[in-house]
Amino acid sequence: MIDMSSDVRTKPESSADRQGRQTAERSRAVGVTAGVALCVTGAAIAMGIGRLVPAVNPMLIAIVAGALVANLVTVPAWIKPGLDFSAKRLLRVGVALLGLQLMFSDVIGLGWGVIAVVVAIVVLGITGTMYVGKLLGLSWTQRILIACGFSICGAAAVAATDGVVSAKEEELLTSVALVVVFGTLMIPAIPLLSDVLGLSERQAGMWAGGSIHEVAQVVAAGGMIGGSALAVATVVKLARVLMLAPVMAYLGARQRRAAKGGDAEGTRPPLVPVFVLGFLGCVALRSSGLLPDEALDLARLAQTALLTTAMFALGLGVRVSLLRAVGPRPFVLAAASTVWVAGIALVGTLLVA
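Take any residue in the sequence shown, count from 1 to its spot, add 1317: that is its number in this note's numbering.
Bear in mind the hints are in silico, worked out from the structure with no lab data behind them.
We treat Cβ as the ideally placed atom computed from N, Cα and C, and that holds for glycine.
Take the hints with a grain of salt, since some may be wrong.
[Stated by the list, open to error] Cβ-Cβ distance ranges computed for the label pairs, FRET-style:
id : residue 1 : residue 2 : range
1  : 1615      : 1649      : 39 to 47 Å
2  : 1350      : 1517      : 46 to 54 Å
3  : 1369      : 1515      : 22 to 30 Å
[Claimed, not checked] Using 30 Å as the maximum straight-line C-alpha spacing, the simulated DSBU-like pairs for lysine-lysine come out as follows:
id : residue 1 : residue 2
4  : 1485      : 1405
5  : 1485      : 1451
6  : 1485      : 1397
7  : 1451      : 1405
Construct the complete structure from the given sequences, taking the supplied hints into account.
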């Protein structure tokens, strides 16, 4: 057998090429540092406002603040690597730490009827949203971002889904903006409709936790309802958050199958995303009871800081011109998904609560 490898010579890197590569690496490092610093500053301000106005969650403040900055001033392109790092890497760590808010016993304590309702909300919510989005002619990636965001846990689920399916930037940012808008509208709507329908505090709390998009929005609505509603709403919502793991694992497997015919094994995504394993590990760690309250408080602060930083970075990409360019179809799907998920949650609540 003739060894052909000797005929192939790697061209040595010239001094000019090496200098150019090093300059590019330094420029990227500066861009990452500056972008992350900007997002951390925005997050710090949002968290400061959140302390002054406890009724408003810092993550929502960060998204809105980032969008305001993006539409009022020109964000330099050279810091984009830092914005991407904040919106993706830091967000995944924050999502993993979100698992420390939940114990398996909390979910089991809801009862199997409520657990079945939570599973139905997520599965039917995603399925119905995907179907309506297909009728509207939206891309698969746009549909799955909206479906997961509205059915599971808002902007964090949108960004987590993007980490698996790699949607277009405008699809990601549009979905985040829609979660903020429609989730915020649900904060006063659910307490008002609960009163009109004559729901008990437990029923109203379960409906809020089962239908509203963000954890922070659920807490705000549960507080407006009052009584025992807040505790019920929070646990039901966190049970929906737990569904993030199997849904992301399914999407990861789907993307892996789709990439199976690719050119290289290295291009295939992992079977289960690393941050999903981290999320489950954090839930298991919290459930073990090994962590003291001080450690949980510190982890909660770190999780809030990371997610707030990521939300500010995502907000910096939300521009009015972008929302105009995507047209009305994503907005129609978001409205339909909101009503659909709320309807499933209400029926489930009336059946088991």
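So, going through the hints one by one against the coordinates:
no.	hint	in the structure
1	1615 <-> 1649: 39 to 47 Å	43 Å, holds
2	1350 <-> 1517: 46 to 54 Å	53 Å, holds
3	1369 <-> 1515: 22 to 30 Å	36 Å, violated
4	1485 <-> 1405	14 Å, holds
5	1485 <-> 1451	17 Å, holds
6	1485 <-> 1397	15 Å, holds
7	1451 <-> 1405	27 Å, holds
Violation of the numbered hints given earlier is confined to hint 3; every other hint is satisfied by the structure.
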